[in-house]
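> For reference, the chains in residue letters:
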Amino acid sequence: EDQVTQSPEALRLQEGESSSLNCSYTVSGLRGLFWYRQDPGKGPEFLFTLYSAGEEKEKERLKATLTKKESFLHITAPKPEDSATYLCAVPYSGAGSYQLTFGKGTKLSVIP
Amino acid sequence: GAVVSQHPSRVICKSGTSVKIECRSLDFQATTMFWYRQFPKQSLMLMATSNEGSKATYEQGVEKDKFLINHASLTLSTLTVTSAHPEDSSFYICSARGDSGSPLHFGNGTRLTVT
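Those protein sequence lines, which keep their order, are chains F and Y.
Quick note on the working numbering: the first sequence kicks off at 1 and runs consecutively.
Quick note on the working numbering: the second sequence kicks off at 1 and runs consecutively.
Just so you know, the hints here were simulated from the structure itself, not pulled from any lab data.
Just to be clear, a hint being listed does not mean it is correct.
As the list claims (entries may be wrong) - 30 Å max Cα-Cα, derived DSS-like pairs, lysine-lysine:
no., chain 1, residue 1, chain 2, residue 2
1, F, K59, Y, K41
2, F, K107, Y, K41
3, F, K104, F, K59
4, F, K57, F, K104
5, F, K57, Y, K66
6, F, K42, Y, K55
7, Y, K41, F, K68
8, Y, K14, Y, K66
9, F, K69, Y, K41
10, Y, K20, Y, K41
11, F, K63, F, K42
12, F, K69, F, K57
13, F, K68, F, K57
14, F, K104, F, K68
15, F, K104, F, K69
16, Y, K64, F, K69
17, F, K42, Y, K66
18, F, K104, Y, K64
19, F, K79, Y, K41
20, Y, K66, F, K69
21, F, K69, F, K59
22, F, K57, F, K107
23, F, K107, F, K59
24, F, K79, F, K107
25, F, K42, F, K104
26, F, K63, F, K107
27, Y, K20, Y, K64
28, F, K59, F, K79
29, Y, K55, Y, K66
30, Y, K14, F, K42
31, Y, K20, F, K104
32, Y, K55, F, K69
33, Y, K66, F, K104
34, F, K42, F, K79
35, Y, K41, F, K63
36, F, K42, F, K107
37, Y, K41, Y, K66
38, Y, K20, F, K42
This one's a predicted model, so the numbers in the text were calculated from it and none came from an experiment.
Working from the sequences, and respecting the hints, build out all of it.
Laid out in structure tokens, this is it:
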């Protein structure tokens with residue numbers, strides 16, 4: 001059974017305090033790992049797609065990395081506006097590349 | 001970038017009535033759209049894949065007669081929750097992708113409350 005597990009469930013940081021979020025996955029034949037940001041009452045907003053181990057992508061204060069078993073979302077010097085729930089997702093095994101199974105997310109709170 | 005619009009954003013209905021939720025791709029054509037459901041503090045769960053001009057494909061455990069999906073055009077998919085019950089109260093989110101290789105983009109969701 002495909003599984004995506006995110007940790008921690010919640011993370012509270014002081015503004016400027018860097019940290020990392022983890023996404024571990026068990027799926028045969030990974031066809032991409034996706035990171036999304038979700039604000040309360042909103043749909044997920046696309047951040048990154050990673051396809052192969054060793055790949056890295058950056059956007060402003062965020063950097064996503066991928067290994068064969070997990071992905072990390074590094075947040076450098078976060079600001080309060082980075083507060084959100086961060087979701088990772090992978091395509092279902094045997095399904096198309098866009099039927100995604102999601103983790104439960106990490107709720108990030110950045111305190112001024 | 002690709003924009004997916006969902007309407008309404010919130011709806012309250014009485015038990016036993018039906019509710020229709022619309023999902024539109026505003027600046028691209030989407031032959032395939034996806035409907036997800038999210039309970040509080042839970043992950044998004046894929047309900048069904050909506051294919052333009054053909055029947056939707058439902059995930060295991062999702063009642064196709066209760067959650068009617070219609071994808072009549074390349075820019076519009078609708079989800080109708082029929083004979084709604086309080087346990088159907090949830091956050092429903094649609095998604096679509098643009099060109100090949102582009103990621104999934106999500107609408108802003110519909111908060112359904114059944115009283």
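> Hints first: check each against the structure and report whether it holds.
For each hint, the structure was consulted:
Between F/K59 and Y/K41, the direct Cα distance comes to roughly 26 Å. Compliance with the 30 Å bound is thereby established for this hinted pair. Restraint check for F/K107 and Y/K41: satisfied, since their Cα atoms lie roughly 10 Å apart, inside the 30 Å limit. Between F/K104 and F/K59, the direct Cα distance comes to roughly 22 Å. Compliance with the 30 Å bound is thereby established for this hinted pair. This hinted pair checks out: F/K57 and F/K104 have alpha carbons roughly 22 Å apart, not beyond 30 Å.
The hinted pair formed by F/K57 and Y/K66 fails the criterion: a straight-line CA distance of about 41 Å is larger than 30 Å. Taking the CA atoms of F/K42 and Y/K55, the gap is about 28 Å. The hint holds against a cut of 30 Å. Proximity of Y/K41 to F/K68 is assessed by CA-CA distance (about 27 Å); at most 30 Å being required, the pair is judged to hold. Between Y/K14 and Y/K66 the alpha-carbon distance is near 15 Å, which keeps this suggested pair within the 30 Å criterion.
As the CA atoms of F/K69 and Y/K41 are separated by approximately 24 Å, the hinted pair is consistent with the 30 Å bound. Annotation: proposed proximity of Y/K20 to Y/K41 holds, straight-line Cα distance about 24 Å (limit 30 Å). A distance of roughly 23 Å separates the Cα atoms of F/K63 and F/K42; the hinted pair therefore holds under the 30 Å criterion. The hinted pair formed by F/K69 and F/K57 meets the criterion: a straight-line CA distance of about 17 Å does not exceed 30 Å.
Only pairs whose Cα atoms come within 30 Å are accepted, and F/K68 paired with F/K57 is accepted, the gap being roughly 16 Å. Proximity of F/K104 to F/K68 is assessed by CA-CA distance (about 20 Å); at most 30 Å being required, the pair is judged to hold. For the suggested pair F/K104 and F/K69, the alpha carbons sit about 17 Å apart, so the restraint of at most 30 Å is met. Straight-line distance between C-alpha atoms of Y/K64 and F/K69 comes to about 35 Å, which puts the hinted pair past the 30 Å bound.
A hinted pair counts as satisfied when its Cα atoms are at most 30 Å apart, and F/K42 with Y/K66 qualifies at roughly 24 Å. Among the hinted pairs, F/K104 with Y/K64 is consistent with the structure: their alpha-carbon atoms are about 25 Å apart, no more than 30 Å. Of the pairs offered as hints, the one joining F/K79 and Y/K41 holds, with about 23 Å between alpha carbons and a cut-off of 30 Å not exceeded. A threshold of 30 Å between alpha carbons decides the hint, and for Y/K66 with F/K69 the separation of about 37 Å lies outside it, so the pair is violated.
A threshold of 30 Å between alpha carbons decides the hint, and for F/K69 with F/K59 the separation of about 22 Å falls inside it, so the pair holds. Pair hint F/K57 plus F/K107 holds up; C-alpha atoms about 21 Å apart against a cutoff of 30 Å. Distance restraint check for F/K107 and F/K59: the Cα-Cα separation of roughly 19 Å lies within the 30 Å cut-off, and the hinted pair is therefore satisfied. Distance hint between F/K79 and F/K107 is fulfilled; the C-alpha atoms sit about 14 Å from each other, no more than 30 Å.
At most 30 Å may separate the alpha-carbon atoms for a hinted pair to count; F/K42 and F/K104 meet this at roughly 15 Å. The hinted pair formed by F/K63 and F/K107 meets the criterion: a straight-line CA distance of about 17 Å does not exceed 30 Å. Pair hint Y/K20 plus Y/K64 holds up; C-alpha atoms about 14 Å apart against a cutoff of 30 Å. Only pairs whose Cα atoms come within 30 Å are accepted, and F/K59 paired with F/K79 is accepted, the gap being roughly 14 Å.
Distance restraint check for Y/K55 and Y/K66: the Cα-Cα separation of roughly 14 Å lies within the 30 Å cut-off, and the hinted pair is therefore satisfied. With a C-alpha separation of about 24 Å, the suggested pair Y/K14 and F/K42 falls inside the 30 Å cut-off, and the hint holds. With a C-alpha separation of about 27 Å, the suggested pairing of Y/K20 with F/K104 holds against the 30 Å cut-off. Of the pairs offered as hints, the one joining Y/K55 and F/K69 is violated, with about 36 Å between alpha carbons and a cut-off of 30 Å exceeded.
Between Y/K66 and F/K104, the direct Cα distance comes to roughly 26 Å. Compliance with the 30 Å bound is thereby established for this hinted pair. For the hint pairing F/K42 with F/K79, the CA-to-CA distance comes to about 20 Å; that is within 30 Å, so the pair holds. Straight-line distance between C-alpha atoms of Y/K41 and F/K63 comes to about 25 Å, which keeps the hinted pair within the 30 Å bound. Note on F/K42 and F/K107: the hinted pairing holds, with a Cα-Cα distance of about 14 Å set against a maximum of 30 Å.
A threshold of 30 Å between alpha carbons decides the hint, and for Y/K41 with Y/K66 the separation of about 24 Å falls inside it, so the pair holds. Distance restraint check for Y/K20 and F/K42: the Cα-Cα separation of roughly 19 Å lies within the 30 Å cut-off, and the hinted pair is therefore satisfied.
Against the hints set out earlier in the document, violations occur for numbers 5, 16, 20, 32.
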